[in-house]
Amino acid sequence: MHDIDIILWEKVKSGDTEAFELLFRKYYLMLCLFSKRFTNDITTSREIVQDLFIYLWERRVDTPIHSSFKSYILRAVKLNSIRRLENDKRQGVRMDFLPENTEDAVFFDHLEYAELQEKIMQAIASLPDQCQNVFKLSRFQLLKYLEISQKLNISVKTVEAHMSKALRIIQNYLDDKFITILAILFFYWK
Amino acid sequence: MDYFKDITLEALIQYIEGSIAPAVKDSVETWIQADNRNLIFFNKIKDAWLDLDQIKDFGPETVDGDWANILSQITNAKGNRLAKTEIKKTPLFQRSWMQAAALILLVVSLAGGYFIGHSSNKKIENEPLVYNEIVVPKGEKSQLVLSDGTKIWVNAGSKLRFPNRFGGKSREVWLDGEAFFEVAKDKSKPFYVRTSDLNIKVLGTTFNVKAYSDENIIETTLLEGLVSLERKVDSNKDVKEIFLQPNHKAIYLKSETSVVTEEIKREIIEPLQARKIIISKPVQTEIASSWKDGKLVFEDETLENIAIKLERHYDVVIHIEDETMKRFHYSGVLKNISIEQAMKAMQLTTEFKFTIKGNQINISKK
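Protein chains in written order, with the working numbering: chain E, 1 to 190; chain S, 1 to 366.
Because the hints were derived from the structure by calculation, they are not lab data.
In this text, a Cβ means the ideal position worked out from N, Cα and C, and glycines have one as well.
Any given hint could turn out to be false.
[As the list claims (entries may be wrong)] Partial list, computed: chain S residues near chain E (C-beta under 10 angstroms):
| id | residue |
| --- | --- |
| 1 | Y3 |
| 2 | E17 |
| 3 | A21 |
| 4 | N36 |
| 5 | N38 |
| 6 | K44 |
| 7 | D47 |
| 8 | V333 |
Next comes chain E alone, as it looks inside the complex (with noise of 0.2 angstroms):
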């Protein structure tokens, strides 16, 4: 899968925008995810990753991706999160000295986190509409399902309905063979 990541990556080196964009909403929220278990901030992580896909545009020419497009930007992405945090100041971002084994377990763990939780946010965006309101609604905004039923103009029978399905659909993208890297492109591709 990844030889196809490299295929793209030679494309992006000749000044391909558009393969970019396809390698940038393959992995940008899993990405910001997995940092974000650094930083323990979603902003602070999209700026780190956002930072990196354009120093990755800029330095494409010399920037050594050889086997594993994925494998880079995850260390990559580790390493800023981890300086970030050492030190907030805005330092340049730096990926000409990556250390080349950086994956331990912490790294695999908390890269297994952010494509589990990745997998529930895609599955959340793909919700009907009623549905996905429910589900926001009782989740996030922690309303009774009879708050719910009230703001909604539907019965409380109908609240529970739509919160089975909605977990019924999550389930469905936890299931490994349900989803691909494929569905992943489509769902933030609107």
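Start from chain E and add chain S according to the hints.
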């Protein structure tokens, strides 16, 4: 590992949020303790779930916005100006809805003022009974409202025949292709959808029918209400009609040689038989009806079957040169993207080459 074989996410989440019924609580605890891997998985889900509040605003719009930000920065930098800076986003469905509307208007004017519209005007009852046919070309879709208020969405490459008004004791339409129905309730007049091999009888409900005459399979998916199905050839004999419950799908193979998609293989309990109506286990009905919202959904589907859907959706002809490639599997959702973008995205998971010449697409091994 298949964690959700013995437990539902709903039970886990209710357990995490403390809203679980005491009776179910024990079963969740038993499950967590049964296997160390279950415990590890449970803790991951718990962490990820409780952390959602902090990232709740991170939606598709955020990704779009952040990309726009990056794009503006990299294209404004000196020496980086490129002709190709934006991906074309062909608004496929905006275009086709307008064309569909134009199509409906055309049909209206051709039929000399027959009725399409939501109203039960007395005047219509006096009009002569006229049958109309709406033909939706490939790459398009269409929506109409019948004289009784029934709403119908008609998918690409389909034909629907319907009367300008419903006289007599029943309401009947004829379908070759795929359509989504929201049938207006009228107990005194059952609604029939007639297809090549099956008749579907409806009282007032929402369902999807896929019955293309050039395909060997008919699928009926029920979202709400109740429908019954019967084979056409049986209609004079004493054969029982088959009832379909909500969230289930009825599958009918016209012949032994019918191509069965992976999606259907996963949905059935009993083996399929030619010329017999089989009822599926509960299905995600939103997949069957997703086309009307402009989405194409594939769930672990073969390239060969995906190609059939793409051909109709985009009005293209797809040639797959290599036999082994036809059995490659993909999952995903396509929404509002061009066929070229769809092909590029599929390339991300498998290496292949494609060329587009006019409406001909060639897919070959790398």
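Now for the hints, and whether the structure bears them out:
1. Y3: Because about 8 angstroms separates Y3/S from the closest Cβ in chain E, which is inside the 10 angstroms limit, the hint holds.
2. E17: 9 angstroms, holds
3. A21: Interface hint status for A21/S: violated (13 angstroms vs cutoff 10 angstroms).
4. N36: 16 angstroms, violated
5. N38: 14 angstroms, violated
6. K44: 6 angstroms, holds
7. D47: With a minimum Cβ separation of about 7 angstroms from chain E (threshold 10 angstroms), the hint on D47/S holds.
8. V333: At 5 angstroms from the nearest chain E Cβ, V333/S passes the 10 angstroms test, so the hint holds.
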